[in-house]
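**Q** Go by the hints and put chain Y onto chain R.
Chains R and Y are the protein sequences, given in the same order. Sequential numbering of the first sequence, starting at 1, is according to my numbering. Sequential numbering of the second sequence, starting at 1, is according to my numbering.
To be clear, the hints were calculated from the coordinates, so they are not data collected in a lab. One or more hints might be untrue.
As the list claims (entries may be wrong) - Far from chain Y, by Cβ distances over 10 Å, these chain R residues were calculated: (1) N45; (2) N56; (3) T62; (4) S75.
What the hints assert, rightly or not - Far from chain Y, by Cβ distances over 12 Å, these chain R residues were calculated: (5) I12; (6) N18; (7) T20; (8) I44; (9) L59; (10) R68; (11) G102; (12) V109.
As the list claims (entries may be wrong) - Partial chain Y-side listing against chain R, Cβ under 8 Å, derived: (13) G58; (14) F60; (15) V101; (16) L102.
We put the CB at the ideal spot given by N, CA and C, even for glycine.
Residues per chain, in single letters:
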Amino acid sequence: GIQVEQSPPDLILQEGANSTLRCNFSDSVNNLQWFHQNPWGQLINLFYIPSGTKQNGRLSATTVATERYSLLYISSSQTTDSGVYFCAVGRLGDNFNKFYFGSGTKLNVKP
Amino acid sequence: DAGVTQSPTHLIKTRGQQVTLRCSPKSGHDTVSWYQQALGQGPQFIFQYYEEEERQRGNFPDRFSGHQFPNYSSELNVNALLLGDSALYLCASSPTSGANVLTFGAGSRLTVL
Numbered sequence: 001g002i003q004v005e006q007s008p009p010d011l012i013l014q015e016g017a018n019s020t021l022r023c024n025f026s027d028s029v030n031n032l033q034w035f036h037q038n039p040w041g042q043l044i045n046l047f048y049i050p051s052g053t054k055q056n057g058r059l060s061a062t063t064v065a066t067e068r069y070s071l072l073y074i075s076s077s078q079t080t081d082s083g084v085y086f087c088a089v090g091r092l093g094d095n096f097n098k099f100y101f102g103s104g105t106k107l108n109v110k111p
Numbered sequence: 001d002a003g004v005t006q007s008p009t010h011l012i013k014t015r016g017q018q019v020t021l022r023c024s025p026k027s028g029h030d031t032v033s034w035y036q037q038a039l040g041q042g043p044q045f046i047f048q049y050y051e052e053e054e055r056q057r058g059n060f061p062d063r064f065s066g067h068q069f070p071n072y073s074s075e076l077n078v079n080a081l082l083l084g085d086s087a088l089y090l091c092a093s094s095p096t097s098g099a100n101v102l103t104f105g106a107g108s109r110l111t112v113l
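Extracted from the complex, chain R is given alone in its bound form:
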């Protein structure tokens, strides 16, 4: 399979702070998505970003596929940003994407 490593594993922020989450992967990919898992277990899709840069409000993401990493930026963090952030990748060459997830970054934003 493909190895997906996320860092840092845990992150504590004061409300209003900015952060960068990283996802490294061990093989070429044709699909990369970032998810936020809330405390009740619901996974919400944040970005579909196999390459390039996207922004959605206070969140933005960049994937450099040739260097096998992706970054998720959170600006002006809010307590509602707390939860676990997952990176999921689909390997280039797979006929039908099955996704490999990292172990996540657990974010705690304090008021």
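**A** Relative to the frame of chain R, chain Y by itself:
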């Protein structure tokens, strides 16, 4: 527009029993994938269904089986439950055409005693 719905939300079983979990995909989606998420870990791919057939499978034993119905809904069956099967089971749907963007349900939390 209803997203992905899963049932039941929580259930408790004992070792050796069998369980069936259900999933209705998002409207317009025809592909359903199942993932297992153990506590503190990322989701792991179990299998994927399209056109009522399993077309991709992860590293899970044959005790894990599934089905997809003509309306695209799906079931996950686990036989001979083990303590290690305790986990959050997530269903994700996606469209066949265009970008393969996953939409997840809220999950079914299985506890095996």
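**Q** All hints are to be evaluated individually against the structure, with a verdict given for each.
**A** We went through each hint and held it up to the structure:
| no. | hint | result |
| --- | --- | --- |
| 1 | N45 | violated, 6 Å |
| 2 | N56 | holds, 14 Å |
| 3 | T62 | holds, 18 Å |
| 4 | S75 | holds, 24 Å |
| 5 | I12 | holds, 17 Å |
| 6 | N18 | holds, 24 Å |
| 7 | T20 | holds, 19 Å |
| 8 | I44 | violated, 8 Å |
| 9 | L59 | holds, 16 Å |
| 10 | R68 | holds, 18 Å |
| 11 | G102 | violated, 5 Å |
| 12 | V109 | holds, 20 Å |
| 13 | G58 | holds, 6 Å |
| 14 | F60 | violated, 12 Å |
| 15 | V101 | holds, 5 Å |
| 16 | L102 | holds, 6 Å |
Violated hints, listed in ascending order, are 1, 8, 11, 14; each of the other numbered hints is respected by the structure.
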